[in-house]
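Listed below, chain by chain, are the residues.
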Amino acid sequence: GAGVSQSPSNKVTEKGKDVELRCDPISGHTALYWYRQSLGQGLEFLIYFQGNSAPDKSGLPSDRFSAERTGGSVSTLTIQRTQQEDSAVYLCASSLARSKADTQYFGPGTRLTVL
Amino acid sequence: QQQVKQSPQSLIVQKGGISIINCAYENTAFDYFPWYQQFPGKGPALLIAIRPDVSEKKEGRFTISFNKSAKQFSLHIMDSQPGDSATYFCAASPNTGFQKLVFGTGTRLLVSP
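Chain order of the listed sequences is A and B.
Quick note on the working numbering: the first sequence kicks off at 1 and runs consecutively.
Quick note on the working numbering: the second sequence kicks off at 1 and runs consecutively.
Please keep in mind that the hints were generated in silico from the structure rather than gathered at the bench.
Among the hints, erroneous ones may be present.
[Said to hold, decoys possible] Residues from chain A that keep clear of chain B, each with C-beta distances beyond 10 Å, as calculated:
(1) 4
(2) 20
(3) 26
(4) 41
(5) 85
(6) 100
(7) 104
(8) 115
[Claimed, not checked] Facing chain B, a subset of chain A residues (Cβ under 7 Å, in silico):
(9) 45
(10) 61
(11) 65
(12) 108
(13) 113
We put the CB at the ideal spot given by N, CA and C, even for glycine.
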């Protein structure tokens with residue numbers, strides 16, 4: 001079946017512009033996660049959605065970052081007034097979340113470059 | 001604040017050899033420890049995972065060894081193959097309501113033919 005898809009695969013923007021990154025999770029997966037992967041670093045948790053519950057936003061680095069998940073499926077991560085330090089690969093993952101050990105399946109990521 | 005420390009940063013192993021990657025954690029509330037494999041241009045994929053109530057888990061050529069008292073865990077890749085060349089991440093999740101993974105900084109493995 002289809003895996004997690006993300007778009008665009010690459011995004012180049014100018015400092016100060018807003019960007020939107022999209023994630024399509026695996027059908028039927030109720031949990032959705034966003035991570036950021038900076039060069040030479042591990043993945044950094046950003047935000048978690050589970051069904052209709054309020055999202056866990058504890059990983060968002062600043063109020064310029066926000067995310068929404070519509071209809072319990074597609075999610076959009078928005079970065080306002082982008083800065084050069086926002087340059088990274090943004091990864092989305094989804095899981096069934098039936099148990100704590102359910103596998104997170106990652107998409108290929110969106111590489112964001114802020115000039 | 002790095003809660004999961006991973007070493008080495010890079011590793012070169014000959015084909016057929018054993019690759020060993022180590023991780024150490026600080027938070028005693030972690031209760032789930034997965035390893036992810038990532039190829040260039042791809043997202044990470046779960047390789048193997050362990051809970052702290054066991055000391056070892058083996059799946060094919062991949063083994064996790066877990067030392068709860070030392071707060072350390074490691075990945076062993078037996079009979080390493082060129083196709084294993086990738087970046088490996090250890091991670092840990094606290095005993096919260098969901099799998100909130102804290103990742104190590106990754107190990108780039110190269111298996112030479």
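Name the hints, by number, that the structure is in violation of. When the structure is compared with the hints, numbers 1, 4, 6, 7, 10, 11, 13 turn out to be violated.
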